[in-house]
Amino acid sequence: MNVYRWEMKRNFRTLIVWTVILILIQLMYVAIYPSMAKDTELLSRMMKVMPKTFLRIFGLEDFDFSNILNYLATISTIYVTLVGSIFAALLASKMLAKEENEKTAEFLLSKPIKRTNVVRQKLLTVSSILVIFDTSVCLFSLLLLELYKRSAFDYTRFWLFWLSQIILHLTIANLIFAITVFMKRQDSTISLAIGTVFVLYILAMVSKLTEKVKVLGYFTPFYYSDGVRIIKYGRLEPVFLVTYLLINTALIFASFLFYSKKDVYL
Amino acid sequence: MPVIEIENLTKYYGRHRGIVDVNLCVDEGEIFGFIGPNGAGKTTTIRILLGLIFPTSGTAKIFGKDCVKEGYQIRKDVGYIPGEVSYYSDVSVSELLDYSASFYDHVDKNYAKELCEIFELDLKKKFRELSMGNKKKVAIVQALLHKPRLLICDEPTNGLDPIMQTRLFNIFKELKQKGTTIFFSSHVLSEVQRLCDSFAMIKEGKIVKTGKLDQLGQMNYKIVTVQSKQKEELKELLKIGDFKEDNSTVTFRYTGRTDTLLKNLSQVHVENIWIEDPSLEEFFMSLYEEGER
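Protein chains in written order, with the working numbering: chain A, 1 to 266; chain B, 1 to 293.
It cannot be assumed that every hint is accurate.
Below are the EDC-like pairs computed for lysine to aspartate or glutamate, each with C-alpha atoms no more than 16 Å apart in a straight line [as the list claims (entries may be wrong)]: (1) B:K65 / B:D27; (2) B:K178 / B:D259; (3) B:K206 / B:E7; (4) A:K103 / B:E30; (5) A:K114 / B:D77; (6) B:K113 / B:D98; (7) A:K184 / A:D64; (8) B:K126 / B:E95; (9) A:K9 / B:E95; (10) A:K261 / B:D242; (11) B:K244 / B:E232; (12) A:K9 / B:D98; (13) A:K9 / B:D90; (14) B:K65 / B:E5; (15) B:K147 / B:D98; (16) A:K98 / B:E174; (17) A:K232 / A:D64; (18) B:K125 / B:D90; (19) B:K178 / B:E28; (20) A:K114 / B:E70; (21) B:K231 / B:D242; (22) B:K203 / B:D21; (23) B:K61 / B:E84; (24) B:K263 / B:E233; (25) B:K173 / B:E30; (26) A:K103 / B:E84; (27) A:K98 / A:D39; (28) A:K114 / B:D66; (29) A:K261 / B:D66; (30) B:K69 / A:D263.
Quick caveat, the hints were computed from the structure, so don't treat them as lab data.
Could you build the full structure based on these sequences and the hints that come with them?
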């Protein structure tokens with residue numbers, strides 16, 4: 001597990017930075033909640049004047065802001081879902097690509113270590129970091145909810161929301177990791193990673209526009225882990241969980257298989 | 001017992017040639033020089049041996065094990081000094097060496113320390129702060145600290161100052177005495193002549209010559225340039241047909257005993273003389289000519 005320890009150490013600072021940023025953003029939004037909650041009446045009226053499609057994209061149709069969980073979930077669809085996914089994508093894209101880009105792969109792969117073991121330890125690093133990241137932000141979020149809540153909220157929905165986010169981040173990471181394994185040269189990995197996240201995110205938004213394009217949602221994990229829907233209905237559909245399981249198994253399997261046979265050009 | 005056996009090894013990068021039909025055999029305990037100009041396929045061959053890339057066809061075996069299937073077992077006993085050293089830039093030398101050691105089962109810490117002293121390494125410095133030569137020294141230490149049975153080096157002296165080159169060669173000789181096999185690529189002929197038992201020459205992806213170094217010595221000739229007014233007498237004396245004349249000088253290839261050459265030269269009036277080893281390029285040219293004949 002020496003590669004795992006090495007990578008954890010090297011990525012620890014990035015982990016701290018991203019966690020702190022997310023916590024600060026949450027803190028900022030929760031801090032303005034009391035003043036928002038005072039004017040729920042006004043806010044609801046304002047929402048009614050906004051275009052229907054706009055509200056639908058952001059999941060704001062008939063949403064009750066007097067409950068802090070609803071408020072935080074809506075905000076989190078941008079900050080935890082999107083920013084967290086970008087972190088996951090960057091982390092995963094760096095894991096292997098950096099070794100090839102900076103030619104350190106020559107060092108690593110000339111050591112007595114199997115390719116599959118490299119992938120195993122690197123993927124383990126990515127998942128460990130993401131779990132630490134999400135757990136920290138989640139626990140801090142819980143603390144904020146307890147501090148600022150005006151009425152009781154449903155804990156099950158809270159945990160479900162965070163479960164969906166962790167699964168989403170892990171899936172994004174596995175996807176980007178598999179892409180970097182497939183890529184021959186790693187010159188544009190980072191832009192590709194961020195680009196992929198945005199395309200998938202926008203796809204999920206578009207799918208919510210009309211019934212006609214709803215099917216598009218099935219092609220993006222952002223649709224499966226739509227925080228607003230999960231908080232609203234209080235359930236994470238089993239069909240999505242099964243899809244997640246299949247996608248991740250396939251991605252991890254592909255990474256192992258292709259990295260074992262990959263010519264590492266330096 | 002051969003340590004490295006390469007049979008009909010071919011590697012194409014898409015349509016580009018890497019190496020074609022390479023056959024090599026390196027015996028246990030010898031120092032093997034792999035000579036060739038830039039882009040000839042030396043690094044490609046080495047990367048296949050290390051399992052960084054996979055051959056298009058043919059086989060490569062180390063310690064009798066297949067480099068593709070049993071690379072992990074092989075690399076336990078292999079040390080590798082890369083041509084261009086690029087390691088993790090934000091860690092210190094000692095952290096890097098510890099990381100390197102963590103891949104092997106038994107590492108003698110004292111030996112690692114000894115190596116660092118020989119090469120005067122500053123363990124506290126970050127890798128990115130090191131000069132090219134110092135990076136190379138880190139690469140040498142990390143390749144040796146687990147006492148490998150086979151040492152593979154890609155242009156090991158590249159970037160080292162003459163003092164360190166000598167220390168490295170002394171270490172090579174010591175290792176050889178202990179039975180370590182050393183395979184190193186180079187484009188400096190004198191280096192190979194000084195150290196190696198056997199050699200292989202590669203050009204444009206193909207092996208053009210293999211053999212023992214004493215054979216190389218037989219082929220060895222000098223490039224002699226003489227400045228003299230008695231050019232015609234000189235030609236008659238030396239009985240060499242292939243003269244290149246340039247104003248007051250003549251240049252020719254001389255094979256044979258040096259003292260005979262000097263005796264002959266003493267009979268004419270010599271204003272100036274240069275006796276040089278052939279450059280690798282010339283060496284290759286002569287090999288090519290040999291091949292055409």
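Violated constraints from the hint list, given by number and in increasing order: 2, 4, 7, 10, 16, 23 and 27
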